[in-house]
Amino acid sequence: MAGERHVLTMLVDNKPGVLSRIVGLFSGRGFNIDSLCVAETVDPLISRITVVTKASSPEIEQIEKQLNKLINVIKLRTIAGPNSVQREMALIYVIAKNGQRSEILRIVDIFRGKIIDVGPEHFIIEVTGNEEKITAIINLLKPMGIKKLAKTGTVALFR
Amino acid sequence: MKENNEQKILTGAGILMEILKDEGVDTIFGYPGGAVIDIYDELSKTDIRHILVRHEQGAVHAADGYARAKGKTGVCLVTSGPGATNTVTGIASAYMDSIPLVILTGQVPTHLIGNDAFQEVDIVGITRPCTKHNYLVKRSEELAETLKEAFYIARSGRPGPVLVDIPKDIAKAEIPFTMPGEVNLRSYKPTYNPNQKQLQKIAALISESKRPVIFAGGGVVLSKGSAELTRLARKTTIPVTTALMGLGAFPASDPLWLGMIGMHGTFQANMSVGACDLLIAIGVRFDDRVTGRTDSFAPNAKIVHIDIDPTSIRKTISVSVPVVGDCRLTLENLNQMLEQTDSGGIYEKREKWLNQIREWKNSNPLSYQQAGIIKPQYVIDSLFTLTKGEAIITTEVGQNQMWAAQYYHFDSPGHFITSGGLGCMGFGLPAAIGAQVACPGKTVVDVAGDGSIQMNIQELATAVQYSLPVKIVILNNRYLGMVRQWQELFYEKRYSFTAMDHAPDFVRLAEAYGALGLRATKPEEVIPVLKEGLASDKTVVMDFIVEREESVYPMVPAGAPITEMLLV
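Residue numbers (our numbering), protein chains in the order written: chain A, 37 to 195; chain B, 4 to 571.
Chain A side only, calculated, beta carbon under 8 angstroms to chain B, not exhaustive: (1) ASP49; (2) GLY60; (3) GLY64; (4) PRO94; (5) GLU97; (6) LYS101; (7) GLN102; (8) LYS105; (9) ILE107; (10) VAL109.
Here are the simulated distance ranges between beta carbons: (11) ASN166(A) / GLY184(B): 45 to 51 angstroms; (12) GLU567(B) / VAL59(A): 38 to 44 angstroms; (13) GLN122(B) / SER63(A): 25 to 31 angstroms; (14) GLU354(B) / SER63(A): 50 to 56 angstroms; (15) GLY37(B) / ALA75(A): 37 to 43 angstroms; (16) VAL59(A) / GLY375(B): 54 to 60 angstroms; (17) VAL59(A) / TYR195(B): 28 to 34 angstroms; (18) GLU495(B) / VAL59(A): 40 to 46 angstroms; (19) GLU145(B) / SER63(A): 27 to 33 angstroms; (20) PRO156(A) / LEU115(B): 48 to 54 angstroms; (21) ASP414(B) / PHE194(A): 52 to 58 angstroms; (22) LYS178(A) / ASP291(B): 44 to 50 angstroms; (23) GLY375(B) / SER63(A): 50 to 56 angstroms; (24) ALA75(A) / GLU145(B): 23 to 29 angstroms.
Calculated from the structure, these hints are not laboratory results. All C-beta atoms, glycine included, are put in the ideal place defined by N, C-alpha and C.
Put together the whole structure using the sequences plus the hints.
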């Protein structure tokens, strides 16, 4: 499906089944989800959901309208432009043999990542940033051997 | 209202009864079972009328028919597990047609939820995509508010079915009860009032247009906007077509009436939409059966689209002037605006257009030839004449539905009750039961086929038990006629499994149920049978043995432009 990347952020009732309504809407109507983040906000009655989707312009209009139609969606916005910040986080388990360890540390340093676990033959790296940055560090570490990778979806806010 | 601070102690079931009374519910369609036994026990102590159906699908369709005939929210009550799953088709149909329903389902006790208990099913999960909203009540304290919300959501905005799943222990538990205040949901605020600037644009387009058409749908019926629609059309001399769901929203006896649009629409309606320069669409959602190929739908027109549901707008058709608002309110505002503007010379402006439409109408009117074997169209035609067009018609789905739509001419809303969006066979009989319960003095006729009537024929027992004088007209061609028609036209007459070579003797079946059974096998028997059936105060099944391979025309092949019709 052709389409641009869109970041949707919404405040929803923090109730059982709400996530299922949103995910079900996407699958039932044939929209796609690239990534999804859900967590409680400062107000425990409200959660924030961030969805990244690829959609054409009539499609994204329909996605927004359909989401807004859900009774549990309180507020919905499409996040884009210089007035917004977007971040992802990745935990990267990379093979770190002698001879490569300092190279990995340099890369981590450049990307302002953190080593959060060290073993004789591995590091676990924590890194946050926008989608491009995360993709870039993963690509740089790939030759060393990424054994495991856990990524969050995008979270975003307007300034 | 006087302040009442004294709290009553009630069971969940008792609270439910209080809310039902508060919502003005006087009739429920349902079927008891273990998980709702406490609710039924409480129900028996109230004045609420309960109609015991024979299958839960029937309960939902009946509530649907009731809601449409009465113009209020329909309510049904069923048990957990299979009781709940049997409602799904009915709920999906009501959802597609935006019918306000509250479906109350029993659930296993809260401590058993998730244990695969006896008659447990996750009905909230199952019905999530086919309800406007749904709830599982997990705490007694939430019950009253949840029920109030359910009724509010069902009837407000674009109406729809709302399901409330009530565990057995919640129905049993006693708690203090106070009637909740007015419902206020921060995340749900339907837009009723139209944007005035958009209306000005419409007014300007109307005054400029040489070839305008109004296309109205179920939204006009639901918002009770028919009078305003008629006012608009007459004031501006704009011809009107409707979707299947909109039949009755504009009087079929009016000279501006074009007939229905779409796959089986009239020649003049489809041609007019194809040629118009302005299409005013009101309370419609541009279903594929209406538009045919979308890129050649109303290709020369500026399209105005008025609907209360923003998702309906620009879903399939791009529009020039979108208006989100209640159809009746929007039409009312528009009419007021137009009344203040000078409409001088508007009729002269339209004359050429109206003449063109008349030409189309005369060149290819709806027609059939009644010869040796009963034509289904003749049955509907005669039914229309004998009931003076005043009956409430429900339908099943397929050819029977289309012939009813084409040959019964509706002058007022709430008289044509059909499963439009979902196209659900087995709808007509229970819907007729619901409509008859809503309107005891009216003639209610279910136009059926021999296939679809068998999908919920058990509801004959319901009709007879409550002495409901519902009339069932079976257009019996021993085929699943609409599919057979497609096979004839597009599959080289390979009638793959559409022949219903064995059916019960509907006359004797009717008698077995305690209804009156009549049959017509020759054209000259049609009117006497209809007369006898309509005159009876019993539930009547009329079996018309019709031309087997009659087809519905005009027909637009699926995916073709609606102006490319197969004619008789």
